[in-house]
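Mind docking chain G on chain W? Use the hints.
There are 2 protein chains.
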Amino acid sequence: MDFYPIIPAGGAGSRLWPLSRKARPKFLTDLTGSGKSLLQLTLDRLAPLSSRPVIVTGASHADDVREQAGEADVVVEPKMRGTMAAIGLAAAIIEHRHGDAIVGSFAADHVITDEGAFREAVRGAIEAAEAGYVVTIGISPDGPSTAYGYIHGGADLPTTTRAAALSVSEFVEKPQAEVAARYLATGEYFWNAGMFIAKASVLLDALQRFHPEIAEPLRQLGRSWDGPDRERTIEQCWEPLPVEVIDRAVAEPLAAEGGVAVVPCEMGWSDVGDYASLGDVVPEAGGAHAAPGGVSQPTVILDSPDSLVYTSTKPVVVVGVPDAVVVEMDDVILVTQKSASQQVKGAVDTLEESGLGYLQ
Amino acid sequence: MDFYPIIPAGGAGSRLWPLSRKARPKFLTDLTGSGKSLLQLTLDRLAPLSSRPVIVTGASHADDVREQAGEADVVVEPKMRGTMAAIGLAAAIIEHRHGDAIVGSFAADHVITDEGAFREAVRGAIEAAEAGYVVTIGISPDGPSTAYGYIHGGADLPTTTRAAALSVSEFVEKPQAEVAARYLATGEYFWNAGMFIAKASVLLDALQRFHPEIAEPLRQLGRSWDGPDRERTIEQCWEPLPVEVIDRAVAEPLAAEGGVAVVPCEMGWSDVGDYASLGDVVPEAGGAHAAPGGVSQPTVILDSPDSLVYTSTKPVVVVGVPDAVVVEMDDVILVTQKSASQQVKGAVDTLEESGLGYLQ
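Going down the list, the protein sequences come from chains W and G.
Just so we're aligned, residue 1 is where the first sequence starts under our numbering, counting upward by one.
Just so we're aligned, residue 1 is where the second sequence starts under our numbering, counting upward by one.
Next comes chain W alone, as it looks inside the complex:
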């Protein structure tokens, strides 16, 4: 069966501010110094699996996304209605255009270092999806992280010869540290990276059973998307949709029925959610990098192990600040430490009060 990756491209990435901005969020940005944005890296990574990805994005980023999308199809979400509506809309369009096919959702702003392992896992997941499962890829955890939801794997499924697949007994929300440590010790839990692979029909039929008020309007949109009634149908069908995430709307209730599988995989995955994890995925380079759109400047880093410095216009000297994060951009400078990574979002939220809202 044909395989169509769906790439929801949204989210401000404000814990990576000011590299990531409201108007130019991290998926549009070259964060790793590769010369490509995270979205472009995502498309490259999927290219050997499918030449027909569908990117779903909001109106405010549509032009920038189209510029980076290459051959990919770009579906512009009329308004933000959560991942269920975004992925479901793309699945409904694909189902209508191509008949039944396999779809798979992949975030536009994650980094994967072992792309071979990733693709091998997706191929295994496609086989399990052909057997009728909604299949997720489970990231083998390298620590008791409290930043991710977990997938609890159960019995082996015999659906695929390419990769081991397990039935999913449950999805669990971001746990406390001691719970995460217990999960890790069992070897039965995997990080939920939001990758779901399924037949379009299986996904939409399951949604139809759990949330007909979402599935019906989406399939109606899918049928009218390429015709003259798109705008009118959007008004009728999209506007009233409830905001819902795919995990809660389909994956969790379906897992309770035994309908979800997981393919575990070690692939060097990172959601690059904050400066601590960004530091793990960018090349060493003595800790110094050019900021997106900026120029790499001379940088001196002394007695500041594991520091991360982005420059645009001026030399930067860092002395005696372990884990320092310095981002010097054309219009603003951020100074923080990796241990404070999670607080950056809060700082961005306060910019308005300081008359710096234009920098968000």
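Mixed in with the good hints there might be a few duds.
Copies of the same chain look alike in the list, so a pair counts if it fits in one copy or across any two.
[Claimed, not checked] For lysine to any residue, the following SDA-like pairs were computed, each having C-alpha atoms within a straight-line distance of at most 25 Å:
{"id": "1", "residue 1": "LYS22", "residue 2": "ASP303"}
{"id": "2", "residue 1": "LYS338", "residue 2": "ASP306"}
{"id": "3", "residue 1": "LYS36", "residue 2": "GLY279"}
{"id": "4", "residue 1": "LYS22", "residue 2": "THR313"}
{"id": "5", "residue 1": "LYS345", "residue 2": "LEU302"}
{"id": "6", "residue 1": "LYS338", "residue 2": "GLY286"}
{"id": "7", "residue 1": "LYS345", "residue 2": "PRO305"}
{"id": "8", "residue 1": "LYS22", "residue 2": "GLY346"}
{"id": "9", "residue 1": "LYS22", "residue 2": "GLY11"}
{"id": "10", "residue 1": "LYS22", "residue 2": "GLU239"}
{"id": "11", "residue 1": "LYS22", "residue 2": "LEU302"}
{"id": "12", "residue 1": "LYS345", "residue 2": "ASP303"}
{"id": "13", "residue 1": "LYS338", "residue 2": "LEU302"}
{"id": "14", "residue 1": "LYS345", "residue 2": "SER270"}
{"id": "15", "residue 1": "LYS36", "residue 2": "GLU120"}
{"id": "16", "residue 1": "LYS338", "residue 2": "PRO322"}
No lab work stands behind these hints, which were simulated from the structure alone.
All figures in this text were calculated on a predicted structure; none of them were measured in a lab.
Okay, now just chain G, sitting in the frame of chain W:
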């Protein structure tokens, strides 16, 4: 007797780089946001005591010093020969111009918050100097600092009614922490801030006894300074002078003979030697200041207590870095923490290797 303050204006202040530069060191710079340089603040502080200060500085800063000197006389040191030669030269010039007078040396780059107490102490020291002593002002320590030399006070001297004066039993070098704590406990030790007040004749006669090879050429320079032979005498007399500091050349051996007095004083003194002490003397202002020559920019400081931010051209956001020091100047940015203050000098020394020597 007339009183002539001598202000040696030298030293790179490289622990305060990049606010302080080789070409524009801290004494020429407005570090405290007062609108005046530390040199100008020093002149202001001395103005009620004397209208005739003499600033001794190197050729490379002579023009800048003259611009800030107002009515003060500027003596340009032919070459750096240490504080003994600088102060001794000024004293010899004053002695030749004005006959015997009281001179007093005061650093150009210190901050004193209680100027009334300072002047009262100097007036007391002048009285003790008229009685024939070389008099130092002893700073009452507010902690067991290892950054300063100490003055050990002995018996009361009856020379002055203005301020208590004690005989000095010895000068001691920067001590280890436990020694400093012991000093503090006795109540008999004071910080040596390099202030020495004496009759010009007493100072130069003492120097003549301990170091005739310094005193004789200096007095010869004093006699010829205002005449046509200055240049020739400089070549003959200044060039061969040994580099020597006033403490070791005069104060220490004279103290051993009972010829030195100390006037203890609490005056809110700081040598503003590094960013930790700079933070103590600048106004709170939410931690944000305009860098010298720069413009105060919007600054957001979150979860970063006791931080110190200087801006010139761009907004700065600091998140979760206690004691952060951020100096954003037109040409370079420094990021450090107050606890690493002492390492800044080392970083400046390495700039050359990084191709950034022009920023020193």
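Cross-check of the supplied hints:
1. In this assembly of identical chains, the alpha carbons of LYS22 and ASP303 lie at most 25 Å apart only when taken from different copies (23 Å versus 34 Å within one copy).
2. In this homomeric assembly, LYS338 and ASP306 come within 25 Å of each other (Cα to Cα) both inside a single copy, at 9 Å, and across copies, at 19 Å.
3. Proximity of LYS36 and GLY279 under a CA criterion of 25 Å is satisfied intra-copy only: 17 Å inside one chain copy versus 43 Å between copies.
4. In this assembly of identical chains, LYS22 and THR313 lie within 25 Å of each other by CA distance both inside one copy and across copies; the values are 22 Å within and 23 Å between.
5. Proximity of LYS345 and LEU302 under a CA criterion of 25 Å is satisfied inter-copy only: 11 Å between copies versus 27 Å inside one chain copy.
6. In this assembly of identical chains, LYS338 and GLY286 lie within 25 Å of each other by CA distance both inside one copy and across copies; the values are 16 Å within and 23 Å between.
7. In this homomeric assembly, LYS345 and PRO305 come within 25 Å of each other (Cα to Cα) both inside a single copy, at 24 Å, and across copies, at 19 Å.
8. When the C-alpha separation of LYS22 and GLY346 is checked against a cutoff of 25 Å, the pair qualifies only within one copy, where the shortest distance is 14 Å, while the shortest distance between copies is 40 Å.
9. For a Cα distance limit of 25 Å, the shortest separation of LYS22 from GLY11 inside one copy, 9 Å, qualifies, whereas the shortest one across copies, 47 Å, does not.
10. In the homo-oligomer, the alpha carbons of LYS22 and GLU239 lie at most 25 Å apart inside one protomer (23 Å), although the nearest pairing across protomers, at 65 Å, exceeds that limit.
11. For a Cα distance limit of 25 Å, the shortest separation of LYS22 from LEU302 across copies, 21 Å, qualifies, whereas the shortest one inside one copy, 33 Å, does not.
12. Proximity of LYS345 and ASP303 under a CA criterion of 25 Å is satisfied inter-copy only: 13 Å between copies versus 27 Å inside one chain copy.
13. Taking CA atoms no more than 25 Å apart as the test, LYS338 paired with LEU302 passes in both settings, with 17 Å inside one copy and 15 Å between copies.
14. For the homomeric pair LYS345 and SER270, the shortest alpha-carbon distance inside one copy (18 Å) is at most 25 Å, but the shortest distance between copies (38 Å) is not.
15. Within a single copy, LYS36 and GLU120 get their C-alpha atoms as close as 23 Å, which meets the 25 Å cut-off; across copies the closest is 68 Å, which misses it.
16. Taking the shortest Cα distances, LYS338 and PRO322 sit within 25 Å of each other both inside one copy (9 Å) and across copies (13 Å).
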